[in-house]
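*Asks:* Place chain B on chain A using the hints.
Given next are the chains, with one letter for each unit.
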Amino acid sequence: MNRGGLRTRKKTLKEMPFHLMLLPAVVITILFKYIPIGGISIAFMDYNPVESFYRQEWVGWDNFTYIFGLPGFGGVLWNTIFIATMKIAGNLIVPVAFALLLNELGGRVFKRSVQTVMYLPHFLSWVALAGVLIDILSPSSGIVNNVLSSMGIKPVFFLGDPASFPYTLVVTDVWKEFGWGTIIYLAAITNIDQTQYEAAIIDGAGRWKQTLHVTVPALAPVMILLTVLGIGNVLQAGFDQVFNLYSPQVYSTGDILDTLVYRIGIVDVQFGPATAVGLFKSAVSFVLIVSGYRLADKLAGYRVF
Amino acid sequence: MKSSLSRKVFVVFNVAILAATSFLCLVPVINLIAVSFSSRSVVEANLVGLWPKEFTLASYRYVFDNPQFYKSLSMTVERVALGWAVNIGLTILVAYPLSKEKNVFRFRGVYVWFFLVTMVFSGGLIPTYLVVNELGLINSVWSLILPEAVQMFYVLLMLNFFRGIPKEIEEAALTDGAGWLRSLASVYLPLSLPSLATVTLFILVGHWNAWFDGLIYMNLPDRYPLMTYLQTIVTNLDLSQLGSASLANNPSLLELTGRSLRSAMIFACTVPILFVYPFLQRFFVKGMLLGSVKG
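From first to last, the protein sequence lines stand for chains A and B. Each residue of the first sequence is one higher than the one before, counting from 1 in our numbering. Each residue of the second sequence is one higher than the one before, counting from 1 in our numbering.
Next comes chain A alone, as it looks inside the complex (with noise of 0.2 Å):
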């Protein structure tokens, strides 16, 4: 008994340095991660920012009632939606094919040439990538537009038109992330047993069989472990990208969730409904990550940690 104690205290001694370690982490994490979830209460309350948290009005799920009742909001939430679904289907079908491009070239000076532009997009900001997209997207001044009419087709205001606008949101994420995407799938890729392909090339496969029956099944799993930890990205549009290239012309189909928040919470000052929105897609997207992450682990046995 009195030995067993003895050793725990050992063992508790030759732990404290992790606590030690982990102590600063700890503290910021405490500060500013849990101490905001503390103030999602901000959503119950009719916060008045001149008084101080502690002297605030509960109000119950008015917030609630107001945000789900404002015009928009249904339309917001599809939005939202919509972009992101698409984005993630865009960023999962287009890095496999381009990596599945890469991988049958031959030249290593030329492929390492070729990832290296595809990164580029990836690397800069989506305020950067807007000021360049606002350039070349324009209907009267763009290079886009300009081909498009040597071409003999009408411009498009693709940033400017309801109809396009999400698309041109899809396409141009796409288009920043592809290359960066590629990296995992190539690298599952190599990790492909070669007497895989040997086999194959016995059964008389030629290269199209061999990748559409070796390669493409060995790429199956990353790709519904992707779709599937994905699926937490729901509510997850591109607050960098749409905040930066939207306008009022086309809040009726790029409007999304966290660009509303801003609006209401920061423009408006309203932190009681900002807030209400923050929590109801908190929420949303807490059920869809936690079951996520369970699929993740039955179908792929994937685990975070």
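One should not assume that every hint holds.
To be verified - In silico contact screen, one side only, chain A against chain B (beta carbon under 10 Å); selected entries: (1) Phe18; (2) Ile40; (3) Ser41; (4) Ala89; (5) Leu105; (6) Val109; (7) Arg112; (8) Tyr119; (9) Pro121; (10) Leu124; (11) Asp135; (12) Ser141; (13) Val234; (14) Pro248; (15) Thr275.
Calculated directly from the structure, the hints in this document are not laboratory data. Quick caveat: nothing in here was measured; it's all calculated off a predicted structure. Quick reminder that beta carbons are idealized off the backbone N, C-alpha and C, glycines included.
*Replies:* This is chain B only, laid out in the frame that chain A set:
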């Protein structure tokens, strides 16, 4: 492998598709650079494609004559330097204990849950803003660093890398009397340079590119980091706002158009990234793989 005719056709098409795609990734940037170096008349007549016409430095002269550019640049340099130190330090200090097995560190599970919760649930914009405000960090560089100081994505990358290092190396150090901290500093870190380089790249690019925190946590435009300053310009550039006073001081402004000025501004703000990332490519690809392969 035998080269059939169809294979040859495919190879040609493949090279063509990939070359065209690369071109599509580069073309906006090249066009941007060309516009930024071209004069007002050709830009307005829509004549600039991939090469500057009527070469002029007027736009850059305006960008670099503006004192706000240097204020914002120094703010960005400050946040990148401090932010890197804080981020990489915390990443290492969190990843190392959590990379230990449960029999070595009994409370590992508790901490994992503690950090995991923040990955799936967050207070959102307003409550975080109120905390930053309550701590008196508005207009301080720390408001751009502390709220996102613990990044679980980097922690996961480091943690997986640490786990790939053979335990025997550490055991040898421990039996020689080294403590955990010693072992981390003299065994793990020297072996983790590729991962550290990868995480460093992500941190530098992340801090350089961040703009939204500057927009909401800085009340004074003087304190805007470069990307926030760029954001205010990109989304509403109006030459009439430049004012007649600056026009009188700087007659070359007459050569400017909003387009070439905006392009010059964007290029000036992103050029460090364009230069840095290709050189770090071998590190980040390797680091990403090592971090992700062992799930």
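*Asks:* A separate judgement is required for each hint: does it hold in the structure or not?
*Replies:* Now the hints, each set against the structure:
1. Look at phenylalanine 18/A: its Cβ gets to within about 4 Å of chain B, closer than 10 Å, so that hint holds up.
2. Given the 10 Å rule on beta carbons, the hint for isoleucine 40/A holds: about 6 Å separates it from the nearest Cβ of chain B.
3. For serine 41/A, the interface hint holds, the least distance from its beta-carbon to any beta-carbon of chain B being 9 Å, beneath 10 Å.
4. Against a cut-off of 10 Å between C-beta atoms, the interface hint on alanine 89/A is violated, since the closest Cβ of chain B lies about 19 Å away.
5. Because the smallest distance between the Cβ of leucine 105/A and any Cβ of chain B comes to about 7 Å, under 10 Å, the interface hint for this residue holds.
6. A cut of 10 Å between beta carbons decides the hint on valine 109/A: the least distance to chain B is about 13 Å, and the hint is violated.
7. Against a cut-off of 10 Å between C-beta atoms, the interface hint on arginine 112/A holds, since the closest Cβ of chain B lies about 8 Å away.
8. Contact between tyrosine 119/A and chain B, as hinted, is supported at the beta carbon level, the nearest pair being about 7 Å apart and thus within 10 Å.
9. Nearest Cβ of chain B to the Cβ of proline 121/A: about 6 Å, under the 10 Å cut. The hint holds.
10. Given the 10 Å rule on beta carbons, the hint for leucine 124/A holds: about 6 Å separates it from the nearest Cβ of chain B.
11. Of the supplied interface hints, the one on aspartate 135/A holds, with its beta-carbon coming within about 6 Å of a beta-carbon of chain B, less than 10 Å.
12. This hint holds: serine 141/A has a C-beta 5 Å from the nearest C-beta of chain B, less than the 10 Å allowed.
13. Contact between valine 234/A and chain B, as hinted, is not supported at the beta carbon level, the nearest pair being about 14 Å apart and thus beyond 10 Å.
14. Against a cut-off of 10 Å between C-beta atoms, the interface hint on proline 248/A is violated, since the closest Cβ of chain B lies about 13 Å away.
15. For threonine 275/A, the interface hint holds, the least distance from its beta-carbon to any beta-carbon of chain B being 5 Å, beneath 10 Å.
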